[in-house]
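J.: Protein sequences, first through last, are from chains Y and C.
All letters in the first sequence, in the order written, are residues 1 to 238 by UniProt numbering.
All letters in the second sequence, in the order written, are residues 1 to 238 by UniProt numbering.
Just so you know, these hints were derived from the structure itself, not from any lab.
Among the clues, some could well be false.
[To be verified] Listed next, the stretches of chain C that the computed footprint assigns to chain Y, with coverage defined by at least 3 CB atoms under 8 angstroms from CB atoms of chain Y:
(1) 58–65
(2) 217–229
[Said to hold, decoys possible] A short, non-exhaustive set of chain Y residues, derived as facing chain C with CB atoms under 8 angstroms:
(3) W26
(4) T68
(5) T227
Where a beta carbon is used, it is the ideal one built from N, C-alpha and C, also for glycine.
2 protein chains.
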Amino acid sequence: MSELLFVVVLLLSTFAATSNGNCLSWRLSVETNNLRNWKLVPNECATHVKVYMERGQYRQDCDIVADTAVEFAKTVKLAGDGKEIWVFDIDETALSNLPFYARPDVAYGAKSYNWTGLGEWIKEGKAPANPSMLKLYKELIALKYKIVFLTGANEERFMKPRISNLKNAGYTTWEKLIFKPGAEKGTPTKIFKSKKRKELETAGYRIVGNVGDQWGDLVGDYVGMRTFKLPNPMYYVA
Amino acid sequence: MSELLFVVVLLLSTFAATSNGNCLSWRLSVETNNLRNWKLVPNECATHVKVYMERGQYRQDCDIVADTAVEFAKTVKLAGDGKEIWVFDIDETALSNLPFYARPDVAYGAKSYNWTGLGEWIKEGKAPANPSMLKLYKELIALKYKIVFLTGANEERFMKPRISNLKNAGYTTWEKLIFKPGAEKGTPTKIFKSKKRKELETAGYRIVGNVGDQWGDLVGDYVGMRTFKLPNPMYYVA
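Build the full structure now, drawing on both the sequences and the hints.
T.: In structure tokens:
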């Protein structure tokens, strides 16, 4: 009986490893910007993404992003004029919408959820900090960097609830906080954020680090001395 | 006895999963361009990288890069003037140096190997094709794309053996093949390749796709309509 159980466990783990392998490849293609404009987590990877997000690997991956960023931040000699900035995206970067994405009708991005629900969740202002990013934020402030939050989220609808959410989550201070005005709705993130980063540099700031969960946060112009990609296998923003 | 064996297997696999998790995070940080200028695979990830490269996941990851690239290539409407090109890097892209990196004194990048050895291996001209890339190459040619090989490898030392190696490996035709002249030795890949891609665009070519294993192949100017990052956890080229 025990031998049989042993064989079953071995067979099951081999099977799990094989199907997992495809989802590892899919996730890598997302994280390297190879795959773009995808709409939903593939059905066969729904469990993989859930396990990834909830059982520790996502947390660990975020931690290493923060550690790598701090290590780099320490190597930069600051000029002392208070003009070195670090750009943070908000959703799935400073703040985590994981409690929303964990809902059964959203299924970590494997189900076609409605955006109204996400908007309502954001307006509740209860998104927790991504703990790795809050730690990075605090260490950067201790190192005398200035913080800029730059998000493609709609200014008119979300700026107010996000400000109180950021403060409640531990992000108590910043140099600038930039949302996307409704008038720019159609502008892709890459274009909008490039323009805003250019304005920052023109105003005399020097972008040292830039962290976000979407490649649209990290490509384009004036991306900063170094970029840091956080994982996000749940959704894609153009 | 069997129950004991079962428990031991469970404990070992739990342990393996935990230490593996750190190496998954390390590898993700490499593949997302978060970690730069690293010199060696961390000691604790030597086995992880070996297993990754040799037991199927690397192959599967490369296959998905090729599939994603082909899927994109098919969506582009070609003008019919023969000017749409696809840029391939050579090392760890078109050709694989895995037989060299598998040597015990190289240990998949976990040991500090000498570059003379790598040079001698390249001059032997026996590097196999990365099968995923050879498949991509053939499908692109069937779709009427022109192929450009662009490498930061030294022209004087490596162009001749690489040409015969490419042909023997199945890459029988190309529009351009560009190596880095010795005079440009100090130029970083990103700068050198940006300049060469600009020359191609100036000459009337349109870069549709661009595939490489190093971020230096894929960032900078004129990167192409889409970039495709192949995995490489064995070494970093600035």
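J.: Now tell me, hint by hint, if it's right for this structure.
T.: Right, here's what the structure says about each hint:
1. 58–65: holds (count 5)
2. 217–229: holds (count 4)
3. W26: Result: holds, 7 angstroms to nearest chain C Cβ.
4. T68: holds, 5 angstroms
5. T227: Interface hint status for T227 (chain Y): holds (7 angstroms vs cutoff 8 angstroms).
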